[in-house]
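Chain order of the listed sequences is A and B. Numbering of the first sequence is given in this note's numbering, commencing with residue 1 and proceeding in unit increments. Numbering of the second sequence is given in this note's numbering, commencing with residue 1 and proceeding in unit increments.
What the hints contain is simulated information worked out from the structure, not anything from laboratory work. One or more of the hints may lead you astray.
[What the hints assert, rightly or not] Here are the computed distance ranges between Cβ atoms for each label pair:
hint, chain 1, residue 1, chain 2, residue 2, range
1, B, 41, A, 342, 31 to 41 Å
2, A, 393, B, 70, 27 to 37 Å
3, A, 32, B, 70, 49 to 59 Å
4, A, 28, B, 11, 43 to 53 Å
5, A, 236, B, 183, 56 to 66 Å
6, A, 199, B, 56, 31 to 41 Å
7, B, 16, A, 236, 56 to 66 Å
8, A, 258, B, 208, 43 to 53 Å
9, A, 409, B, 113, 20 to 30 Å
[To be verified] Where chain A lies over chain B, by a calculated footprint (3+ residues, C-beta under 8 Å):
hint, segment
10, 49-57
11, 74-83
12, 87-94
13, 166-179
14, 198-208
[Said to hold, decoys possible] Straight-line Cα separation of at most 20 Å, SDA-like style, residue types lysine to any residue; simulated pairs:
hint, chain 1, residue 1, chain 2, residue 2
15, A, 257, B, 57
16, A, 152, A, 190
17, A, 152, A, 183
18, A, 257, B, 137
19, A, 257, B, 72
20, A, 257, B, 130
21, A, 257, B, 105
22, B, 137, A, 40
23, B, 130, A, 17
24, A, 237, B, 105
25, A, 257, B, 73
26, A, 257, B, 61
27, A, 237, B, 90
28, A, 121, A, 78
29, A, 237, A, 261
30, B, 130, A, 244
31, A, 121, B, 105
32, A, 237, B, 130
33, A, 152, B, 72
34, A, 257, B, 16
35, A, 152, B, 105
36, A, 257, B, 71
As the structure is a prediction and not an experimental result, all values here were calculated from the model. Each residue gets a CB set at the ideal place from its N, CA and C atoms; glycine is no exception.
Take a look at the letters that make up each chain.
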Amino acid sequence: MRRALHLAWSLIQIRHLAVSLFLFPLLCSVLLVVGQLVLTTLFIRSVAPEAPTAEIVKTDFNPVRLVLYGSGERRSHLEVCRWIADSNNPTREVPPRAACAPDSLDVSINVANPELFDASKFVDMFEGQIDRLHICRNCKPDVVITVPESGKHQARAASMYGLAVMSLAFLPKPEDRSERVDQYRSVREGIGDISFYMPEASDVVTLSSKNGAIPFAANIVPLVIIALWLSVRAHRKVLDYFSQNDVLLPLVAATGKRTFYSALWIVTAARVGCFLVASLPVIYFGLVDISGVHVFDSLREHIPLILMWLFALVSAVALCTIVSSIADLKHRQAFRSVLYRYVPIIVALSGAALWTGTFIVPSVTMGAVRNVITSIPILGLAPLFAVPVTLPAISVVAIHALISTVLVILVLRNNARWFGAHLEEV
Amino acid sequence: MHPTVTLRITNLKVSYAELQALDIPRLEISGGVLALLGHNGAGKSTLIKTMLGLLDPARGEVVVGDSNEGILVPERDMAFCPENGAVFADISVEQYLQLWCRIKHGDPRYYQGAGRSYVERLSLSQLLHKRGRELSKGQRRRVQTALGFMSDPKLFLFDEPFDGLDVQRTNELMEIVEEERSRRAFLISSHRMDVMERISDAVIVLEGGGPRSFGTVADVCASLAGQHQHSLTDAMRCHLKDIAA
Chain A
1 MRRALHLAWS LIQIRHLAVS LFLFPLLCSV LLVVGQLVLT TLFIRSVAPE
51 APTAEIVKTD FNPVRLVLYG SGERRSHLEV CRWIADSNNP TREVPPRAAC
101 APDSLDVSIN VANPELFDAS KFVDMFEGQI DRLHICRNCK PDVVITVPES
151 GKHQARAASM YGLAVMSLAF LPKPEDRSER VDQYRSVREG IGDISFYMPE
201 ASDVVTLSSK NGAIPFAANI VPLVIIALWL SVRAHRKVLD YFSQNDVLLP
251 LVAATGKRTF YSALWIVTAA RVGCFLVASL PVIYFGLVDI SGVHVFDSLR
301 EHIPLILMWL FALVSAVALC TIVSSIADLK HRQAFRSVLY RYVPIIVALS
351 GAALWTGTFI VPSVTMGAVR NVITSIPILG LAPLFAVPVT LPAISVVAIH
401 ALISTVLVIL VLRNNARWFG AHLEEV
Chain B
1 MHPTVTLRIT NLKVSYAELQ ALDIPRLEIS GGVLALLGHN GAGKSTLIKT
51 MLGLLDPARG EVVVGDSNEG ILVPERDMAF CPENGAVFAD ISVEQYLQLW
101 CRIKHGDPRY YQGAGRSYVE RLSLSQLLHK RGRELSKGQR RRVQTALGFM
151 SDPKLFLFDE PFDGLDVQRT NELMEIVEEE RSRRAFLISS HRMDVMERIS
201 DAVIVLEGGG PRSFGTVADV CASLAGQHQH SLTDAMRCHL KDIAA
């Protein structure tokens, strides 16, 4: 170890290598992190009720309505249905008339007393956007807004369609811009915190802007990707630098393969360490500054899951980058490895599409399918990125982490021999 | 008494993917200057890399022992001068010497003290401020040779050291090897039969990845072309004629 440290220190002292290894990529990486924080700030401000400045297109035609109802035009009539007690069974509530038969695209307002509830705000909110607004105690179409007697409103979408229906409420009606701001505030207040129903989730999946999980995941995932990219590039860069300079073989012979590779890992770790030391405080203070203390509030309840997620994230992204990097090195030996190089990206994109597709049919079975996808390395990379938001069971994330780690070890072991044999061709 | 090394190979197989590069069932040879001869692709460089631990054999082992029956550790006891005389292209010769001395001795100034004689002997003073990419092939080889000596190895492995050298430089290098053999042993891979015959005391001839012949120069001459051949060059020539016939 002492010899490896000594060698690593000697390598770092080569000026050209030090500049290309540390200075330039570090500068780029920190700029990337800052850019990402700026984007997060813009995102949070755009969805925050304090600053609803988004210009929205004409309200007469809307593509969301086209998808939901087969026509993009405003809905002609909003049926307000105040549910009543069943004459045969007073504990059970039923729709007041046949036209009020519930449909999954309806919205229900769950209140303690449906008969006396003033629904004018919600009528105004959903007029022209949906067909039926149910005022009831327990009825549950795809969108349920719970209005407690005191406290904050809660909205829950049971499917992607439900989320789409909810988004219709935000479409601006008034022409005047200042009135739009008031309308936006009123809708946000009326709907309250938005949650999404996922049967496999370990907790309520909150989509509210107050939920810090979204900016947290959006900043940590790129951080891990950049760190691993830096580490793989460092490894390649040192090997390439010495082979381009024609001295890889004599150096490895003079120091021993083991010492040389250990030194390579030390240099790599130093590079990644520098990046993390430079970027983590920026990320932390940036997140606290732009989102307030809420960023970590919602995550504090899920610390074991978040820790397991970080472990799974590092091993999963490491697997992808190592597979791509090995393919890149082997490219010089075998043409077919060009294909092998893009396999992780194709598999990960397919997994993302499949995972997203399961939301079309809201069911417990689809929840199980999502769990299976999330637990498979590479295929489940996209759902893994979203874990702080979707909150699956910790065992699902643990399986992903375990399989990824085993695969990383296998890939490295199987390829070590190849690198040894092709050292002079690297 | 010059230091010698003993090369012991047992059941060695080395391959590059599907291609078997070396297959030596058994070989044992001792000497102060070992010559490794053979055509291109005979397995000379592969054997050197295997001795240095740069290549892992698929089977078998190579053990290099010294005259005290100790086993040589590649990174500690051996130095390697590769075929192309590899020198850092990006930095000056002096910086490369400093890097090497820092790695091998922990002191970047070693080349100005104990290593000074090699800098002078190999006429490197004029080259110290030149970058590696500005050097000719012969100059690069001299730099790499100096680095090898500065490592103070028990065994110096030279891969094709006389390739591309003019007569004067060839003679200079031969003289250096003659001088240095009192301090260390050499294993030299070469196509130059005439040179190797003059400086080596044991020879290994490889052919198609296996040993064609090994032993003293006389033994190898006899083995390759019969007793009447007195020079290694003639013996090899004779051997080639036999193969062609």
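Each hint tested on the structure:
| no. | hint | in the structure |
| --- | --- | --- |
| 1 | B/41 x A/342: 31 to 41 Å | holds (35 Å) |
| 2 | A/393 x B/70: 27 to 37 Å | violated (60 Å) |
| 3 | A/32 x B/70: 49 to 59 Å | holds (54 Å) |
| 4 | A/28 x B/11: 43 to 53 Å | holds (52 Å) |
| 5 | A/236 x B/183: 56 to 66 Å | violated (40 Å) |
| 6 | A/199 x B/56: 31 to 41 Å | violated (52 Å) |
| 7 | B/16 x A/236: 56 to 66 Å | violated (22 Å) |
| 8 | A/258 x B/208: 43 to 53 Å | violated (32 Å) |
| 9 | A/409 x B/113: 20 to 30 Å | violated (46 Å) |
| 10 | 49-57 | holds (count 6) |
| 11 | 74-83 | holds (count 7) |
| 12 | 87-94 | holds (count 5) |
| 13 | 166-179 | violated (count 0) |
| 14 | 198-208 | violated (count 0) |
| 15 | A/257 x B/57 | holds (14 Å) |
| 16 | A/152 x A/190 | holds (9 Å) |
| 17 | A/152 x A/183 | holds (18 Å) |
| 18 | A/257 x B/137 | violated (26 Å) |
| 19 | A/257 x B/72 | holds (16 Å) |
| 20 | A/257 x B/130 | violated (29 Å) |
| 21 | A/257 x B/105 | holds (18 Å) |
| 22 | B/137 x A/40 | violated (56 Å) |
| 23 | B/130 x A/17 | holds (19 Å) |
| 24 | A/237 x B/105 | violated (26 Å) |
| 25 | A/257 x B/73 | holds (12 Å) |
| 26 | A/257 x B/61 | holds (17 Å) |
| 27 | A/237 x B/90 | holds (14 Å) |
| 28 | A/121 x A/78 | holds (13 Å) |
| 29 | A/237 x A/261 | holds (13 Å) |
| 30 | B/130 x A/244 | holds (18 Å) |
| 31 | A/121 x B/105 | violated (82 Å) |
| 32 | A/237 x B/130 | violated (24 Å) |
| 33 | A/152 x B/72 | violated (78 Å) |
| 34 | A/257 x B/16 | holds (18 Å) |
| 35 | A/152 x B/105 | violated (72 Å) |
| 36 | A/257 x B/71 | holds (18 Å) |
Consistency note: the structure conflicts with the earlier hints numbered 2, 5, 6, 7, 8, 9, 13, 14, 18, 20, 22, 24, 31, 32, 33 and 35.
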